[in-house]
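Asks: Taken in sequence, the protein lines are chains A and B. Residues in the first sequence are numbered consecutively from 1, following the working numbering. Residues in the second sequence are numbered consecutively from 1, following the working numbering.
Do not take every clue at face value.
[Stated by the list, open to error] Using C-beta positions, here's what the derived DEER-type ranges look like:
1. B/313 to A/271: 45 to 55 Å
2. A/26 to B/14: 46 to 56 Å
3. A/32 to B/313: 45 to 55 Å
4. A/120 to B/304: 26 to 36 Å
Keep in mind that the hints were calculated from the coordinates and are not lab data. We put the CB at the ideal spot given by N, CA and C, even for glycine.
Protein chains: 2
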Amino acid sequence: MIDLVEPLRSGDRRALARLLTAVENERVGVQAALTALYPYTGHAWVIGLTGAPGTGKSSLVTELAKVYRSKGETVAILAVDPTSPFTGGAILGDRIRMRELSGDKGIFIRSMATRGSLGGLARATRDAVRVLDAAGFDRILVETVGAGQSEVEIARAAYTTIVIEAPGLGDDVQAIKAGILEIADVLVVNKADRPGVDSTVRALRTMLELGHPVSREQMVAHHGQAVKVETPTTPNHDFWLPPVIRTVATEGEGIVELVATIEAHRDYLTQANRMHRLEQQQVEMELVDRVRDELVKQLFSVLPAEKLREVVDQVQARSLDPQSAVNQLLAFQQVNVAK
Amino acid sequence: MIDLVEPLRSGDRRALARLLTAVENERVGVQAALTALYPYTGHAWVIGLTGAPGTGKSSLVTELAKVYRSKGETVAILAVDPTSPFTGGAILGDRIRMRELSGDKGIFIRSMATRGSLGGLARATRDAVRVLDAAGFDRILVETVGAGQSEVEIARAAYTTIVIEAPGLGDDVQAIKAGILEIADVLVVNKADRPGVDSTVRALRTMLELGHPVSREQMVAHHGQAVKVETPTTPNHDFWLPPVIRTVATEGEGIVELVATIEAHRDYLTQANRMHRLEQQQVEMELVDRVRDELVKQLFSVLPAEKLREVVDQVQARSLDPQSAVNQLLAFQQVNVAK
Chain A
1 MIDLVEPLRS GDRRALARLL TAVENERVGV QAALTALYPY TGHAWVIGLT GAPGTGKSSL
61 VTELAKVYRS KGETVAILAV DPTSPFTGGA ILGDRIRMRE LSGDKGIFIR SMATRGSLGG
121 LARATRDAVR VLDAAGFDRI LVETVGAGQS EVEIARAAYT TIVIEAPGLG DDVQAIKAGI
181 LEIADVLVVN KADRPGVDST VRALRTMLEL GHPVSREQMV AHHGQAVKVE TPTTPNHDFW
241 LPPVIRTVAT EGEGIVELVA TIEAHRDYLT QANRMHRLEQ QQVEMELVDR VRDELVKQLF
301 SVLPAEKLRE VVDQVQARSL DPQSAVNQLL AFQQVNVAK
Chain B
1 MIDLVEPLRS GDRRALARLL TAVENERVGV QAALTALYPY TGHAWVIGLT GAPGTGKSSL
61 VTELAKVYRS KGETVAILAV DPTSPFTGGA ILGDRIRMRE LSGDKGIFIR SMATRGSLGG
121 LARATRDAVR VLDAAGFDRI LVETVGAGQS EVEIARAAYT TIVIEAPGLG DDVQAIKAGI
181 LEIADVLVVN KADRPGVDST VRALRTMLEL GHPVSREQMV AHHGQAVKVE TPTTPNHDFW
241 LPPVIRTVAT EGEGIVELVA TIEAHRDYLT QANRMHRLEQ QQVEMELVDR VRDELVKQLF
301 SVLPAEKLRE VVDQVQARSL DPQSAVNQLL AFQQVNVAK
């Protein structure tokens, strides 16, 4: 599979597609290719977009891609679907709307679904982004449907994270939640021509105020702009205040402002060593995640299946407590020999 | 600390409080006590309650506790606060409303906050529930504020999980989300005397319909009742359809129905080996979680801090790829000697 790296670098789309499939299916041998292409990563600006079904995510992604293309930039779209009985297939259905982008060689669209665990998907997403990055795309748009912990995990692969809302979606069934707002660099209220948009914008701003250590006055003064604010309590630190942007993607409204805001956020990150620190955190989190998965995988590969069943039975029967059961399981641990 | 187990069993509240503090602070020696008290667990019915701030969770918990007390049952309330800038302190402030329960020896109230990780809190919650269970309480109400992944983790310690909503909370800023509905055995719309209650109930039912493999007709026919439904696609399997119950906790309205529903869910679980299977799953998940944490802790305890920094730097500089970095870190792994 390592022989696909050179074709990938010279723009071969079949090599790209095959590598992405290998990443998605955790195919043997893909790791050697990932190792070989890793030095070529770090060029693309990775933008994460998340929002509940019905917020018009795909239209927004399509419009963003069109603006980037008009500037001569190449764009890869990675639609990640953390399949669940609630959301399964939502993203794939939306692909149809992106048809207008097809035929353009500067655009590449790819869907990726959950095979196993959420952790596996987060890992596959990070690796797929690297493949696209090494393939030379200027912008990578990682789109995911907002349905829980998944978008937070997936957002960790992005530099600029955009959270999309829409007014009056299913009455009060909204995907707005604290955890999501904490990862947002930019908030978009799409379908802003619908009734209830003001109340949605207001609600988002209220939640932002709760979540950021700046005064209400600063928040009001700077909302909707890409600014950094120093606060009395944190004089040596500044914040990016996530602006709330109104768009009507189907009409192309607000898209230019959104693109400008993404650029402003990129400028912000590339100043004062911030990008270096962000990437450092992302790498650290990724390594710890991978080490954790690897250790568990190693242990369970040597642990006889009946041993786990046996201790679970004993814990249920109250003849063994959980910690003693854990100690018994850990006894099967083997030393990993580094290669 | 193991000497506290006998007093705990004979109703000594100081021993109980000291053990819970030891669990919360992961005090050395608490494990021996947990091992000693574990055989005495399995008596209490553990009820999880989660909902966003403002849904009236604490009032509802208070009313539930009063009903159980009137039936002569003892009640422990464990209020778990996954502290975050968005939710910090919410639960502790609510404690004041529970004052009317004080003075009753059959009630025990305890708050628990995050010290470190969410994983740590989920673990501490499970252990605290065991301490309360061994202390002989009939009902353990585990209350947590809905703010992300945390309530899902914490719900894993409960047998009956109740998700609480309220109409028109902060316009459309609602904590309703797919992940939460997936863990709900019972849905409560509290503050049901407020405007918008019908739309909240309708929205919840719509989400329930999406999430359960039963027809809309079955869903409509059985909603609000505690029933099991066989479906054509899963003829040998039945489902608990989470009923949606309207309450006005401050007026005591709907509480008797809620208590009856919790009993119905308990009856459902205790039939056809279901409780055994649920507990089996919970034990298995807990063991895997604990093994994972333990393995990572072991590795990082022997890994020199500068080694992690070094590989992160190399990955950032693109001179080392993530998987090779993971292999280098895993080389520090040591064999655990079982005791």
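Asks: So which hints don't hold here, by number, going up?
Replies: 1 and 3
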